[in-house]
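Student: Chain by chain, the residues run as shown.
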Amino acid sequence: MSSNREFLYRRLHSLLGVIPIGAFLIVHLTVNWFAVRGREEYNAAAAFMEALPFRYAMEIGLIFLPIIFHAVYGLYIAFQARNNTSQFGYFRNWMFRFQRISGVIVLIFITWHVWETRLAAAFGAEVNFSMMEDIVANPAALIAYIIGITATTFHFANGLWSFAVTWGITVTPRSQQIATYVSIGVFAALTFVGIRSILAFVGV
Amino acid sequence: MSDQTIEMIIVRQEDPDSSSYEQKFSIPYRSNMNVISALMEIRRNPVDAEGNNTTPVAWDASCLEEVCGACSMVINGKPRQSCTALIDKLEQPIRLEPMNTFPVMRDLTVDRSRMFDSLKRVKAWVPIDGTHDLGPGPRMPEAKRQWAYELSKCMSCGVCLQACPNVNDKSDFIGPAALSQVRLFNAHPTGAMHKAERLETLMEGDGGIANCGNSQNCVEACPKEIPLTTSIAALNRATTLQSFKNFFGSDNTA
Ligand code: SF4
Ligand code: FES
Numbered sequence: 001m002s003s004n005r006e007f008l009y010r011r012l013h014s015l016l017g018v019i020p021i022g023a024f025l026i027v028h029l030t031v032n033w034f035a036v037r038g039r040e041e042y043n044a045a046a047a048f049m050e051a052l053p054f055r056y057a058m059e060i061g062l063i064f065l066p067i068i069f070h071a072v073y074g075l076y077i078a079f080q081a082r083n084n085t086s087q088f089g090y091f092r093n094w095m096f097r098f099q100r101i102s103g104v105i106v107l108i109f110i111t112w113h114v115w116e117t118r119l120a121a122a123f124g125a126e127v128n129f130s131m132m133e134d135i136v137a138n139p140a141a142l143i144a145y146i147i148g149i150t151a152t153t154f155h156f157a158n159g160l161w162s163f164a165v166t167w168g169i170t171v172t173p174r175s176q177q178i179a180t181y182v183s184i185g186v187f188a189a190l191t192f193v194g195i196r197s198i199l200a201f202v203g204v
Numbered sequence: 001m002s003d004q005t006i007e008m009i010i011v012r013q014e015d016p017d018s019s020s021y022e023q024k025f026s027i028p029y030r031s032n033m034n035v036i037s038a039l040m041e042i043r044r045n046p047v048d049a050e051g052n053n054t055t056p057v058a059w060d061a062s063c064l065e066e067v068c069g070a071c072s073m074v075i076n077g078k079p080r081q082s083c084t085a086l087i088d089k090l091e092q093p094i095r096l097e098p099m100n101t102f103p104v105m106r107d108l109t110v111d112r113s114r115m116f117d118s119l120k121r122v123k124a125w126v127p128i129d130g131t132h133d134l135g136p137g138p139r140m141p142e143a144k145r146q147w148a149y150e151l152s153k154c155m156s157c158g159v160c161l162q163a164c165p166n167v168n169d170k171s172d173f174i175g176p177a178a179l180s181q182v183r184l185f186n187a188h189p190t191g192a193m194h195k196a197e198r199l200e201t202l203m204e205g206d207g208g209i210a211n212c213g214n215s216q217n218c219v220e221a222c223p224k225e226i227p228l229t230t231s232i233a234a235l236n237r238a239t240t241l242q243s244f245k246n247f248f249g250s251d252n253t254a
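Residue numbers (our numbering), protein chains in the order written: chain A, 1 to 204; chain B, 1 to 254.
Excised from the complex, chain B in its bound form (with noise of 0.2 Å):
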């Protein structure tokens, strides 16, 4: 048991300017690893499969809990979060890379702005803060409370960015994430008192809502199975609507 080894492949980086290249690592097993315990052997000591002292391989993580996903990478070819991949469910040698969709910081860690920055443009929030107490706000639909809290779940990981053909180096496309969020902050009671202001910034500029190609690979891919499609194609109606309303005119304009 003691001699059993892990292999693994993973693909590095100095800096966000050098190029990449892999690195092999052969690291004694123990039973009930993630691929973070693995990775915490590697920095504990960073020699790599041929014997050679290198640098310890740099990565994120958090809560290790996948609440947080802060840990996502791409594990034999699938992003998910590594601090719930577990060596044992891994087919060896494990392949380990960056989520590259996204700016590559080093090795496995990258720079996740993209999104973060998309949500505040659509302002992933319910604004509530005034100079006076506001009260307790409407009550939301049972139904309602119960579709939106899936959509609530939504860690920011990037998996499903990761996994868009559309969102990448030549496409400004904000991707599922914060589109998903657009729907569930317009379907809170006072969330919806932004509704239009959310749904033109998904129509204005370029990298909106309809820069969705429906590849569906959002959906395959989010850990959470938040259900992205259904509510990219809602928000398709809701900015149908919304565009039509702005056109011809309308006094429901929130």
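Extracted from the complex, chain A is given alone in its bound form (with noise of 0.2 Å):
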């Protein structure tokens, strides 16, 4: 057994948690607008993505892959905190509870957001603006899309700024001080993209 395993994991899981799952997330939500612009719009995006060539080597090597070890990894270091935000309020021991907090809620998400829209593609369903509509029809669908997302885009910036202090790149206080306003912009910015886009399913 290799005795670098827990390093290599671990900074494994950081750098895959960015590279390519958080690229992902981009591409993912900068797709979903085409929905804030319209039906054809939204179905002529969707179908552009489904018709891209290695398709399934992309979803696969770059998405279940990688989410399927941050996610098991992650749990695992999820579980071996003893959180403390009892005696020690301070901000980021409240980010780093959040951030843990916030990956077992992404977990549950997006096996539910698989299972009903990928999963049912590739039992036949067609992945188009009227799958999203039907799912979001119902009010409890909608507020678990919108809890789905903003816990996404929080454990996605938030990861972003520990990615930042984990590959040594933010060392001073200043600098993570700093990447700390940057993450909040992150956060913002993608959970409008993300919450605006859910909504155009429900005609808002």
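A few of these clues could be false.
Claimed, not checked - Okay, derived cross-link-like pairs now, SDA-like style, lysine to any residue, Cα gap no bigger than 20 Å in a straight line:
id: 1; chain 1: B; residue 1: 78; chain 2: B; residue 2: 61
id: 2; chain 1: B; residue 1: 78; chain 2: B; residue 2: 6
id: 3; chain 1: B; residue 1: 78; chain 2: A; residue 2: 97
id: 4; chain 1: B; residue 1: 170; chain 2: A; residue 2: 10
id: 5; chain 1: B; residue 1: 195; chain 2: B; residue 2: 132
id: 6; chain 1: B; residue 1: 78; chain 2: B; residue 2: 95
id: 7; chain 1: B; residue 1: 89; chain 2: B; residue 2: 29
id: 8; chain 1: B; residue 1: 78; chain 2: A; residue 2: 78
id: 9; chain 1: B; residue 1: 144; chain 2: A; residue 2: 84
id: 10; chain 1: B; residue 1: 170; chain 2: A; residue 2: 83
id: 11; chain 1: B; residue 1: 245; chain 2: A; residue 2: 10
id: 12; chain 1: B; residue 1: 170; chain 2: A; residue 2: 172
id: 13; chain 1: B; residue 1: 89; chain 2: B; residue 2: 145
id: 14; chain 1: B; residue 1: 170; chain 2: A; residue 2: 97
id: 15; chain 1: B; residue 1: 245; chain 2: A; residue 2: 9
id: 16; chain 1: B; residue 1: 78; chain 2: A; residue 2: 84
id: 17; chain 1: B; residue 1: 170; chain 2: A; residue 2: 78
id: 18; chain 1: B; residue 1: 170; chain 2: A; residue 2: 80
id: 19; chain 1: B; residue 1: 170; chain 2: A; residue 2: 15
id: 20; chain 1: B; residue 1: 245; chain 2: A; residue 2: 15
id: 21; chain 1: B; residue 1: 195; chain 2: A; residue 2: 167
id: 22; chain 1: B; residue 1: 170; chain 2: A; residue 2: 25
id: 23; chain 1: B; residue 1: 170; chain 2: A; residue 2: 104
id: 24; chain 1: B; residue 1: 245; chain 2: A; residue 2: 167
The hints are simulated quantities; they were obtained by calculation from the structure and are not laboratory data.
Using the supplied hints, reconstruct the complex from the two chains, each of which is provided in its own coordinate frame.
Tutor: Following this line, the structure appears as structure tokens:
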């Protein structure tokens, strides 16, 4: 057994969260925005994504495998902590805790989301505007989507902050502070894009 | 003045294997007391708040001036040194607990071997022993000496390990104190001769530097205001570079 296991796994976990998973999240949210422009535009974008070359290889290599590793190892990390925000109520300690809570929410959300869309598609359903329209016609599903999207954008934005520390990019307190502001900006922007797009499916 | 009392709640434990319990104490007030002198008062007259005889509370202390770290305990929820915890500045009842991240030996005494073993593992020293006089070491740039001096203030008290959510019974995380010492001794011109070795220790096996989850409680809790999170991030950079050197190869092996 390699003696560098944990260091390697942790660094891999950190890297995969940004590349490719974070990059995929941004692509996904961007494509979703077509829903704001209308039904036809969204369907055309979905069809374009479906028709991309090497689709299955990309889905497996850039999406499924990285997410599965990130999720499984992330759960292990999350349950290794003994949270102590009651004694140490500092901002970063809360972010540490929220990162773990949001990770678990995102895992549940993504499992459900993939089941309803990608697996449904594998069983013959067509991924288009009406599919999403039908799903979020149920108010509970809409709320679940809004929570799921927010948890995802939070987990990504805050993860970017710790990525910068983990790889030794932001070392000084000042650079870490500015990275916090940047991550808040990323969180706000992506949450807006995500929620605005999902609301398009209920006609808002 | 003389009938004024100090109310205390102490979390006690008979031995490492027994379970803990709370005991209340009410001791006579004197001005300028610290937690240690209050504990000495209990030792002088081991009677609880109800007037029952009890065993004296066990605690550790040595220097009584916040340089040895031995007297660290959790006081009103915060891990800190009891010798510099002044009674007049504490809200009553004063709650004393052992730093339970470490194995509790008895009452407020804990076994901090976990941290001392880590310091040995990372070779937190400058090796200068030889069979002949090695002469004076190289000089250190003043700018570097200034920040390295801050790191050298660590008294191995263990407060930062107590504050860390990732140092616990479920994880082997080495913790902030020993990590920061690696940065200190790698910065020393002679200590740097073992730089790669120290970094590799942090990258090997379980519980190394990668276990840090960036809660940053350590830097808030450290009584010596050591920039622990800066040290950790600097070591993250150093271990990143070291892992590239190890994998791709480099002549600068140290
Ligand atoms: S780094 Fe600070 S809190 Fe940690 S052991 Fe050293 S002096 Fe104590
Ligand atoms: S007795 Fe040494 S730090 Fe308190």
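Student: Next, verify each hint and record whether it holds.
Tutor: Verification of the hints:
The hinted pair formed by residue 78/B and residue 61/B meets the criterion: a straight-line CA distance of about 18 Å does not exceed 20 Å. For the suggested pair residue 78/B and residue 6/B, the alpha carbons sit about 19 Å apart, so the restraint of at most 20 Å is met. Only pairs whose Cα atoms come within 20 Å are accepted, and residue 78/B paired with residue 97/A is accepted, the gap being roughly 19 Å. For the hint linking residue 170/B to residue 10/A, the alpha-carbon distance of about 16 Å falls within 20 Å, and the restraint holds.
About 23 Å separates the Cα atoms of residue 195/B and residue 132/B, which puts this hinted pair outside 20 Å; it is violated. Pair hint residue 78/B plus residue 95/B holds up; C-alpha atoms about 10 Å apart against a cutoff of 20 Å. The suggested pairing of residue 89/B with residue 29/B holds, with an alpha-carbon distance near 13 Å, which does not exceed 20 Å. With a CA separation close to 24 Å, the supplied pair residue 78/B and residue 78/A exceeds the 20 Å bound.
For the hint pairing residue 144/B with residue 84/A, the CA-to-CA distance comes to about 35 Å; that exceeds 20 Å, so the pair is violated. Restraint check for residue 170/B and residue 83/A: the C-alpha separation of about 12 Å stays at or below 20 Å, so the hint holds. About 19 Å separates the Cα atoms of residue 245/B and residue 10/A, which keeps this hinted pair within 20 Å; it holds. At roughly 30 Å between alpha-carbon atoms, residue 170/B and residue 172/A are farther apart than 20 Å, so this suggested pair is violated.
For the proposed pair residue 89/B and residue 145/B, the alpha carbon gap of about 35 Å is over 20 Å, so the pair is violated. Between residue 170/B and residue 97/A the alpha-carbon distance is near 17 Å, which keeps this suggested pair within the 20 Å criterion. Of the pairs offered as hints, the one joining residue 245/B and residue 9/A holds, with about 18 Å between alpha carbons and a cut-off of 20 Å not exceeded. For the suggested pair residue 78/B and residue 84/A, the alpha carbons sit about 11 Å apart, so the restraint of at most 20 Å is met.
Of the supplied pair hints, the one linking residue 170/B and residue 78/A holds, its CA atoms being roughly 11 Å apart against a limit of 20 Å. Between residue 170/B and residue 80/A the CA atoms are separated by roughly 6 Å; this keeps the pair inside 20 Å, and the hint holds. Proximity of residue 170/B to residue 15/A is assessed by CA-CA distance (about 24 Å); at most 20 Å being required, the pair is judged violated. Of the pairs offered as hints, the one joining residue 245/B and residue 15/A holds, with about 19 Å between alpha carbons and a cut-off of 20 Å not exceeded.
Under the criterion of a C-alpha separation no larger than 20 Å, the hint pairing residue 195/B with residue 167/A is consistent with the structure, at around 18 Å. Annotation: proposed proximity of residue 170/B to residue 25/A is violated, straight-line Cα distance about 32 Å (limit 20 Å). For the suggested pair residue 170/B and residue 104/A, the alpha carbons sit about 19 Å apart, so the restraint of at most 20 Å is met. Of the supplied pair hints, the one linking residue 245/B and residue 167/A holds, its CA atoms being roughly 15 Å apart against a limit of 20 Å.
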